[in-house]
Amino acid sequence: MNPSQTAFTRRGFLGLAAAAAAAPTLSACGGSSSSSRNSIEFWDMPWATPAYNTAAKKITQSYAPASGDRRANYQIIQWNNFYQTFSSAIASKTGPAVSTGAGFQAFQFEQQGAIAHADNVIDALKKNGQYDDFLPGVLEPFKSDNGYVAVPWQMDMRVFWYRKSLLDKVGAAVPTDWPSLLQAGKALKKAGAIGFCTGSGAGNNIGNHFLIAMMLNNGGGVWTPDGHLDLLNDRNVEAVDFVRELVSNGVIDPGAVSYTTNNMDAQWKDKQAGFGLYVLGLPQRVGDTSGDIMAASPLTGPHGDKAALVFLNNIMMYRNTPSQPSSEAFLVYYLGRIKQLWQQNLMNSLPVFKSITALPEFTKDANNVRILKEYQPIAKTSAARGTALRANLAVLDGGQAINQFTQTVLGGKTDAKSALRTFQSGLQSVITS
Amino acid sequence: MTTTTNGLAKARRGVTPGGPGRAPAKRHPTSPLRAQATRTFFWLLLPSVLLLVLINGYPLVYAAIQATHSGSLIDAGRFVGLDNFTHVLTSAAFWKAAEFTVVFTIVGVFGSWLVGLGLALLLRTRIPARGVFKILLLLPWVVPIVVSSTAWNWLVATPQSPVPALLHSLGLGTPLFLADPTLAAVTVCVFKVWVSFPFMMMMSASALASVDPSVYEAASMDGAGRRQQFTRITLPLIARSTYISWILMTIFCVNDFPTIYLLTGGGPADATNSLVVFAYRTVFQNFQTGPGVAVAFLMTVTLVVVSAVLYRQIRKSSVE
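Protein sequences, first through last, are from chains A and B. Mind the numbering: the first sequence is residues 1 to 433 in my numbering, read in order. Mind the numbering: the second sequence is residues 1 to 320 in my numbering, read in order.
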């Protein structure tokens with residue numbers, strides 16, 4: 001073998017190897033930013049069964065942009081580690097141009113300068129008439145000093161549910177206020193059932209939402225109207241004291257502190273739970289659509305207050321887009337087509353548009369009608385007693401402080417004021433402004 | 001004869017006849033061919049080394065930047081020096097998590113080792129269907145943690161779950177395995193032992209297989225009982241493998257996120273909050289990137305120190 005030929009081959013091989021090794025690294029460094037892509041990247045979450053994503057993808061793919069605008073591309077993003085997924089993508093400029101996501105995600109990314117405001121979209125909705133189709137109170141929370149941070153598209157309401165046969169069995173009326181809740185709960189407990197079904201185990205936020213809902217139901221709330229922490233107000237103390245009373249009477253199961261949503265689903269399905277706060281579509285969720293599980297009316301607080309807790313899910317736009325007008329045009333188009341999702345019975349949430357609430361596919365469910373009629377008008381976000389949504393609400397909703405607070409209260413081992421004081425200091429230490 | 005024996009022993013210990021220490025390295029004259037071979041090796045290795053440095057080094061450097069800044073996952077923010085470290089080290093929640101991590105690790109390592117070693121010893125004896133048992137005993141390690149944590153939740157979470165129901169029927173009350181802070185900590189530790197013992201069993205079984213049976217025969221002839229054989233022969237002879245399994249299991253336990261997070265989420269009231277869960281919750285639930293990454297850094301340093309100490313034990317056991 002010719003030595004010089006061997007050397008050449010070896011060098012050639014080494015060069016190729018180095019190039020092959022460097023290629024993925026360099027391409028990873030460069031990324032494929034949205035700005036270098038031709039289409040509008042729309043990232044959507046698995047909001048319901050896979051059929052939902054199939055339908056949403058079809059809507060996206062059916063988008064025929066006007067001349068000069070770009071087409072849209074649909075991608076499903078899993079909830080698992082979603083915040084990391086979005087953050088990494090935004091940081092590397094490979095993120096979406098438009099996305100759905102967690103309720104307060106838009107406000108978090110706005111704080112970090114990544115969100116494109118939706119004022120032009122709102123203007124377009126005013127022109128095409130869809131603006132007037134919004135249900136009252138759903139759009140205002142998204143208006144910040146800088147403009148609309150996102151546009152709502154569905155509502156995630158927390159609803160009081162009851163199992164009719166269990167209440168009938170123990171001779172209790174459907175609770176309408178706090179004393180009747182306690183009374184019915186005691187009767188259910190006495191009969192060996194769960195008087196009030198809730199939980200704050202691994203990955204379960206329902207217990208957190210229950211406590212916030214009870215504060216709102218009593219005219220309280222986590223914040224002052226101008227957005228400062230105010231957990232120790234009298235109404236909150238009273239609400240937490242009432243929950244402790246439910247715990248001490250065994251109306252709330254002592255194990256609730258560790259119940260996951262799977263445990264709660266099983267309790268509803270197995271006819272152990274008589275009453276409780278849960279998500280929309282509970283009968284479908286646990287596979288009992290016999291009419292035995294029904295939505296109760298919102299409770300009336302001891303001072304005559306009535307309120308429900310709602311999460312306004314929204315669609316947001318990002319500054320990293322190949323074309324902002326194209327992002328806006330796509331979002332206007334998409335909002336005009338989401339009606340199909342309810343028409344196909346794919347959604348487990350309330351719509352934000354009046355026209356969808358009038359659809360026969362929506363009104364055929366008596367629970368939906370009741371929730372829309374009785375809960376939606378009195379619904380408040382976790383920003384109450386303020387109204388504007390903010391990034392800090394993400395820390396409130398899923399943070400350690402509220403989990404610890406809920407587990408402490410449901411564990412029944414402390415008084416209301418101490419629990420609220422610890423909650424307030426825990427939350428204060430992690431909120432950004 | 002004595003000289004020969006001593007010489008042989010020294011040779012086995014790596015001691016040269018000229019005295020203790022390493023044998024002097026052979027010196028090769030530097031030929032052009034050898035230099036070229038060295039260069040070739042260097043260039044062949046370079047792409048892999050570069051990739052390794054980039055893959056491991058980049059996240060480490062970026063994490064160091066995040067740990068010393070006050071920003072988010074998107075933007076590192078402003079430099080704050082060691083403030084994040086000070087913040088976490090003065091936090092009661094951090095020390096509570098550290099305390100649970102230590103307990104969880106000690107129980108996880110030694111609990112799974114004891115069970116694993118015991119089963120490995122048992123499986124050496126002639127029991128019927130030994131092969132089937134070996135496979136069945138591996139299941140906790142093989143089954144995805146999501147499945148096993150769901151199964152454990154089903155077993156113990158509610159008063160109607162099989163284990164509390166059984167205890168209730170035996171008149172032992174209705175223990176709330178995941179709702180009571182102490183019981184939840186115990187349950188998580190037991191779950192960890194259950195998940196991990198097959199690994200320890202395999203490590204122990206392979207170490208035991210390497211022990212020459214004639215050693216036991218000789219010991220029996222010298223009058224050593226079973227207990228003496230175990231403490232004086234078995235344990236010392238499998239020490240190296242044991243230390244390695246301890247190091248690995250320590251790393252597994254300290255870094256174990258799913259076992260805890262899926263079963264209790266760190267609750268109730270932070271009773272099972274380990275450092276890795278604490279770091280995750282700090283970054284992704286409280287959105288405090290700097291302090292969360294600082295926790296991860298502190299964990300890494302601690303693990304390196306603990307591993308180094310155990311590694312020294314391995315070297316010592318090898319020499320002995």
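Watch out, some of these pointers could steer you wrong.
Unchecked claim - Derived Cβ-Cβ restraints for the label pairs, each shown as a range:
| id | chain 1 | residue 1 | chain 2 | residue 2 | range |
| --- | --- | --- | --- | --- | --- |
| 1 | A | 358 | B | 79 | 52 to 58 Å |
| 2 | B | 78 | A | 65 | 36 to 42 Å |
| 3 | A | 173 | B | 102 | 28 to 34 Å |
| 4 | A | 129 | B | 96 | 54 to 60 Å |
| 5 | A | 92 | B | 211 | 49 to 55 Å |
| 6 | A | 46 | B | 305 | 41 to 47 Å |
| 7 | B | 143 | A | 46 | 38 to 44 Å |
Hints were generated in silico from the structure; no laboratory data involved. Note that beta-carbon positions come from the ideal geometry of N, C-alpha and C, so glycine has one too.
Hints and how they fare:
At about 56 Å, the beta-carbon gap between residue 358 of chain A and residue 79 of chain B stays in the expected band of 52 to 58 Å. Checking the proposed 36 to 42 Å range against residue 78 of chain B and residue 65 of chain A shows it holds: the Cβ atoms sit about 41 Å from each other. Roughly 53 Å separates the CB atoms of residue 173 of chain A and residue 102 of chain B, a value that falls outside the hinted 28 to 34 Å. For residue 129 of chain A and residue 96 of chain B, the hinted distance range of 54 to 60 Å is satisfied, since their beta carbons lie about 56 Å from each other.
A beta carbon spacing of about 53 Å between residue 92 of chain A and residue 211 of chain B agrees with the range 49 to 55 Å that was offered as a hint. Distance hint check: the CB atoms of residue 46 of chain A and residue 305 of chain B are about 42 Å apart, consistent with the given range 41 to 47 Å. The hinted range of 38 to 44 Å is not satisfied by residue 143 of chain B and residue 46 of chain A, whose Cβ atoms lie roughly 25 Å apart.
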